[in-house]
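Q: Here's the letter readout for the chains.
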Amino acid sequence: MSKILAVDDSASMRQMVAFTLKGGGFDVVEACDGVEALALAKQHKCDLVLADVNMPNMDGITLTRELRTLNDYKYTPILVLTTESGTDRKTEGKKAGATGWIVKPFNPDQLLNTIKKVME
Amino acid sequence: MSIDLSQFHQVFFEESFEGLDVMESGLLELDPAAPDDEEINSIFRAAHSIKGGSATFGFSDVADFTHVLETLLDEVRAGTRSIGPDEVELFLQSVDCLRELLKGLQAKEDVDISRAEDLRQQFEKILGMAPSDGASLDDAESISNGAWRITFRPEGHILRTGNEPLRMFWQLAEMGTLTVTTDSSSLAAFATMNVESCYYAWELQLEGRNIQKEAIEEIFEWVCDDAELLIEPLVAEVAEADENENENESTEAIEAIEDNLQDMESADAEIIPADTKAIEPADAAPKNDAGEKAAKPTVSKAAETGSIRVDIDKIDTMINMVGELVITQSMLGQIGSDFSDDKLGKLQEGLTDLERNVQVLHESVMRVRMLPISFTLSRFPRMVRDLSRQLEKKIELVVKGENTELDKTVMEKIGDPLVHLLRNSLDHGIEKPADRVKAGKPETGIINLHAFHQGGNIIIQITDDGQGLPREKILAKARENGIVGEDEALSDEQVQDLIFQPGFSTAEKVSDVSGRGVGMDVVRRNIHALGGAVSVKSEEGVGTTFTISLPLTLAILDGQLVRVGKEVYIFPLVSIVESLSVDVSQVSSVAGACDVLRLREEYIPIIPLYEAFGIEPDSKELKNSLIVVVESDNVKVGLVVDELQAQQQVVIKSLETNYQSVEGISGATILGDGTVSLILDIAGVVKMAEGLSSELDEKAA
Amino acid sequence: MSAVDIEPNVDEEITSAGVETDQYLTFIMDNEEYGVDILSVKEIRIWDSATPIPKAPSHVRGVINLRGTIVPIIDLRQCFGMSAIDYGPLTVVLVLQVETEKGHREVGIVVDAVSDTADLDRSQVKPAPDMGDKINTSYIKGLATIDKKMVILLNMGNLLNQEDFSAMAEAQKSILELADETTE
Numbered sequence: 439m440s441k442i443l444a445v446d447d448s449a450s451m452r453q454m455v456a457f458t459l460k461g462g463g464f465d466v467v468e469a470c471d472g473v474e475a476l477a478l479a480k481q482h483k484c485d486l487v488l489a490d491v492n493m494p495n496m497d498g499i500t501l502t503r504e505l506r507t508l509n510d511y512k513y514t515p516i517l518v519l520t521t522e523s524g525t526d527r528k529t530e531g532k533k534a535g536a537t538g539w540i541v542k543p544f545n546p547d548q549l550l551n552t553i554k555k556v557m558e
Numbered sequence: 007m008s009i010d011l012s013q014f015h016q017v018f019f020e021e022s023f024e025g026l027d028v029m030e031s032g033l034l035e036l037d038p039a040a041p042d043d044e045e046i047n048s049i050f051r052a053a054h055s056i057k058g059g060s061a062t063f064g065f066s067d068v069a070d071f072t073h074v075l076e077t078l079l080d081e082v083r084a085g086t087r088s089i090g091p092d093e094v095e096l097f098l099q100s101v102d103c104l105r106e107l108l109k110g111l112q113a114k115e116d117v118d119i120s121r122a123e124d125l126r127q128q129f130e131k132i133l134g135m136a137p138s139d140g141a142s143l144d145d146a147e148s149i150s151n152g153a154w155r156i157t158f159r160p161e162g163h164i165l166r167t168g169n170e171p172l173r174m175f176w177q178l179a180e181m182g183t184l185t186v187t188t189d190s191s192s193l194a195a196f197a198t199m200n201v202e203s204c205y206y207a208w209e210l211q212l213e214g215r216n217i218q219k220e221a222i223e224e225i226f227e228w229v230c231d232d233a234e235l236l237i238e239p240l241v242a243e244v245a246e247a248d249e250n251e252n253e254n255e256s257t258e259a260i261e262a263i264e265d266n267l268q269d270m271e272s273a274d275a276e277i278i279p280a281d282t283k284a285i286e287p288a289d290a291a292p293k294n295d296a297g298e299k300a301a302k303p304t305v306s307k308a309a310e311t312g313s314i315r316v317d318i319d320k321i322d323t324m325i326n327m328v329g330e331l332v333i334t335q336s337m338l339g340q341i342g343s344d345f346s347d348d349k350l351g352k353l354q355e356g357l358t359d360l361e362r363n364v365q366v367l368h369e370s371v372m373r374v375r376m377l378p379i380s381f382t383l384s385r386f387p388r389m390v391r392d393l394s395r396q397l398e399k400k401i402e403l404v405v406k407g408e409n410t411e412l413d414k415t416v417m418e419k420i421g422d423p424l425v426h427l428l429r430n431s432l433d434h435g436i437e438k439p440a441d442r443v444k445a446g447k448p449e450t451g452i453i454n455l456h457a458f459h460q461g462g463n464i465i466i467q468i469t470d471d472g473q474g475l476p477r478e479k480i481l482a483k484a485r486e487n488g489i490v491g492e493d494e495a496l497s498d499e500q501v502q503d504l505i506f507q508p509g510f511s512t513a514e515k516v517s518d519v520s521g522r523g524v525g526m527d528v529v530r531r532n533i534h535a536l537g538g539a540v541s542v543k544s545e546e547g548v549g550t551t552f553t554i555s556l557p558l559t560l561a562i563l564d565g566q567l568v569r570v571g572k573e574v575y576i577f578p579l580v581s582i583v584e585s586l587s588v589d590v591s592q593v594s595s596v597a598g599a600c601d602v603l604r605l606r607e608e609y610i611p612i613i614p615l616y617e618a619f620g621i622e623p624d625s626k627e628l629k630n631s632l633i634v635v636v637e638s639d640n641v642k643v644g645l646v647v648d649e650l651q652a653q654q655q656v657v658i659k660s661l662e663t664n665y666q667s668v669e670g671i672s673g674a675t676i677l678g679d680g681t682v683s684l685i686l687d688i689a690g691v692v693k694m695a696e697g698l699s700s701e702l703d704e705k706a707a
Numbered sequence: 472m473s474a475v476d477i478e479p480n481v482d483e484e485i486t487s488a489g490v491e492t493d494q495y496l497t498f499i500m501d502n503e504e505y506g507v508d509i510l511s512v513k514e515i516r517i518w519d520s521a522t523p524i525p526k527a528p529s530h531v532r533g534v535i536n537l538r539g540t541i542v543p544i545i546d547l548r549q550c551f552g553m554s555a556i557d558y559g560p561l562t563v564v565l566v567l568q569v570e571t572e573k574g575h576r577e578v579g580i581v582v583d584a585v586s587d588t589a590d591l592d593r594s595q596v597k598p599a600p601d602m603g604d605k606i607n608t609s610y611i612k613g614l615a616t617i618d619k620k621m622v623i624l625l626n627m628g629n630l631l632n633q634e635d636f637s638a639m640a641e642a643q644k645s646i647l648e649l650a651d652e653t654t655e
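Chains as they are written, first to last, in the numbering used here: chain A, 439 to 558; chain B, 7 to 707; chain C, 472 to 655.
Just so you know, these hints were derived from the structure itself, not from any lab. Beta carbons: idealized from backbone N, C-alpha and C, even for Gly. Heads up, a few of these hints could be off.
[As the list claims (entries may be wrong)] Chain B is faced by these chain A residues, among others (derived, beta-carbon under 8 angstroms):
| id | residue |
| --- | --- |
| 1 | Cys470 |
| 2 | Asn492 |
| 3 | Pro515 |
| 4 | Lys532 |
Make a model of the complete structure from these sequences and hints.
A: Written as structure tokens, this is what we have:
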């Protein structure tokens with residue numbers, strides 16, 4: 439089963455994402471900020487990382503940058519969750535090495551469809 | 007896949023309210039002149055999360071409103087906009103407004119968005135945004151009936167962003183017939199080749215019905231900045247080609263690329279999925295809007311579910327302890343199944359373990375209910391700010407010890423009394439700036455709110471550096487109301503304590519803030535009901551301190567077991583001042599009625615508990631008895647008992663469930679041997695004692 | 472402390488004739504026989520000590536621990552103004568669960584001895600005689616004759632609905648007069 443690391447500081451978003459992904463047949467590891475995510479990413483070899491941009495302690499951009507320095511995550515798809523007002527953030531995310539982004543708000547279907555873009 | 011999003015609503019509401027609290031406290035601490043980056047960031051993050059969540063969960067009113075807030079905050083964060091007191095005020099109003107909106111939504115009521123609309127317009131004015139916004143979609147090119155030619159020349163680092171050209175091609179193949187031509191002309195010489203780089207470019211032809219340019223662009227959305235991408239309508243010739251053939255071709259073509267890629271990047275095979283048959287049309291996802299609506303619970307008031315958030319470490323401790331208990335249980339079980347006298351030592355050891363484990367488990371279960379008092383205190387800075395504006399005073403609130411933990415139930419009930427005391431300090435305590443300057447004090451008054459643990463209690467002190475309690479005014483008022491006799495002489499403490507009398511308010515003019523006459527007596531009553539106490543200490547012209555002391559929890563009590571005759575009573579340990587054997591020479595009878603013990607410089611009335619409770623003691627001789635000095639509301643009383651036994655924590659059980667309240671008794675508990683022991687209500691006993699002595703006085707008279 | 476659980480025989484509640492019957496647990500006090508609805512009886516315990524409550528009326532013997540809840544024990548003899556007797560090995564406590572205005576309540580009543588169970592047709596239960604306005608008979612459900620003996624059926628819920636437990640002493644007058652009348 440493919441394993442996805444879902445990172446969001448908002449518990450409701452995280453729950454929704456995790457619930458959707460589990461329903462889509464994925465194994466989900468949850469983290470509430472970049473620091474926790476990084477630690478978990480080292481423990482579990484995840485096949486995809488979904489990270490919110492705005493988080494305390496370590497934001498999604500920094501997380502992406504950090505993950506890309508790890509051998510295990512050199513090519514792993516990393517998607518950042520961003521909002522329409524965060525155009526700069528998309529570019530920033532790309533620069534840090536994110537694969538792509540998912541624009542908030544999204545519904546469970548959109549989430550699964552986007553994920554299909556990067557893994558099957 | 008249909009998911010009922012309403013299952014996440016409760017969590018969303020909870021975290022949104024927390025987010026609003028964060029925003030509020032952040033805004034209050036924000037110094038507009040020199041905004042702290044981290045402060046702005048956390049305010050922004052809170053707004054951002056609320057927006058994201060509300061949009062996701064379909065609360066568009068909240069989402070739309072939060073959006074403008076977020077936009078402004080983002081500009082502040084980016085340093086392109088400065089923030090002034092007016093903006094802070096506007097943000098604070100927005101926090102209130104959002105809180106109302108969310109509360110309404112949580113209770114599934116119709117919400118009034120006029121206030122939000124109004125605030126939103128103000129924000130839009132600041133932002134200089136046109137009030138309307140409509141996305142325009144007018145690309146004439148966007149629909150092509152024919153085919154597209156796509157030239158895709160990614161930059162070398164594309165693979166390192168986790169993007170995979172192959173996947174994009176698969177997606178394209180889902181839309182129609184895809185022909186792929188690989189251009190490997192820029193492939194580097196083997197010696198200089200970087201295995202992590204992409205050296206290929208592709209030319210693709212996509213044919214199908216109604217393929218929109220946006221759809222293609224969307225596939226390349228994430229890479230278009232890192233690649234040369236050209237999407238142009240294809241002229242008709244190719245479209246005529248046989249479809250089946252093309253499809254075969256495309257599959258072959260894809261396999262060819264795959265091989266290429268695999269060759270090229272064999273260093274890290276993982277990135278290429280071995281599964282090639284995965285090219286299937288994506289499942290048409292069922293629209294679930296209707297289902298979502300139908301699935302909404304019909305319960306209208308879902309708001310108060312009484313849930314509690316518990317730190318994971320608290321739960322971990324509990325789980326650990328349960329684990330230990332299981333081990334101890336199996337150990338004891340083994341001893342029990344095959345018992346012989348020589349195992350007595352082991353048995354005792356096991357029982358000691360059991361006792362310790364149960365105690366720790368007990369404590370950790372109790373800790374689950376404990377929350378930091380900041381949950382209650384967090385609303386005060388805002389209140390102080392708003393009220394000081396209203397009262398035209400300059401007041402700074404300093405909060406200390408907001409992480410002090412106390413029981414959730416106590417916390418819920420202490421909020422209102424605290425608000426009252428704080429309002430009192432704001433209104434009656436701190437003077438107007440001009441008056442303060444006249445009195446030689448700094449213009450800005452300071453209210454200190456300090457919470458800390460002391461013994462089994464939590465102490466909350468509210469200290470202001472205001473004008474203090476006016477002794478003469480209080481005394482005059484008390485005489486007027488007949489609470490105090492004309493020539494009764496009272497100490498300062500006694501006078502100050504008068505403010506807790508029912509119907510007592512010295513404010514010359516009744517203000518909006520406090521001083522409606524209902525007040526301090528209710529505060530004291532509520533705090534007493536929680537098993538706590540409140541006292542005041544004041545110095546005219548210097549300031550006033552209110553001290554509230556509360557039990558940490560209502561379910562458990564540190565008790566002193568005390569025996570009188572055959573009965574064992576529990577004295578709350580916190581109310582015991584000291585215990586002593588009686589030195590009869592220090593006891594004197596007052597007017598032949600109530601005995602008084604002289605203890606150091608104080609005279610303490612002595613109440614034999616056997617008399618108050620009507621039971622038979624071991625001995626009625628004082629010299630054979632012990633006196634436990636207890637204190638309630640600064641009144642000390644010596645209770646005569648037969649024996650002091652152990653001290654232990656007891657679980658408080660209600661007498662009222664099946665019986666009724668009993669004067670002098672606050673509840674009951676079950677002792678180790680299964681019998682019931684009654685817990686003394688010290689305040690009640692002191693009152694009883696007063697009644698008893700006056701009764702005796704009357705008899706003596 | 473030993474306890475006997477009562478399993479009310481629900482099947483017998485409705486007889487084949489379709490006449491509604493209630494099952495009662497009867498007990499003896501001062502040679503009088505009383506009955507309570509068997510469904511309200513949670514358990515029967517041998518009398519054991521109770522923790523006295525200060526300043527409680529004398530018929531309230533105290534409280535006991537019934538599996539973690541605090542249950543008051545009432546001496547029905549004293550409650551009804553009969554002479555107190557020493558508790559002996561036959562003295563039992565009926566733990567009843569009763570509906571009062573304040574909700575479910577559990578209360579133990581001390582009686583001289585448990586007598587029997589009895590099925591009574593509703594028609595067999597006669598209303599309590601009117602004792603005049605001054606005497607509250609609401610806690611007397613009715614009278615019935617079992618084996619030629621008069622049984623006073625009690626409605627404990629109404630007894631506990633009295634303002635507080637001390638008001639229960641009021642009950643004594645009516646019960647005593649009633650007992651007098653029935654023996655006449």
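Q: Hint by hint, say whether it matches the structure.
A: Results for each hint:
| no. | hint | verdict |
| --- | --- | --- |
| 1 | Cys470 | violated (11 angstroms) |
| 2 | Asn492 | holds (5 angstroms) |
| 3 | Pro515 | holds (4 angstroms) |
| 4 | Lys532 | holds (6 angstroms) |
Hint violations for this structure: number 1 only, all remaining hints satisfied.
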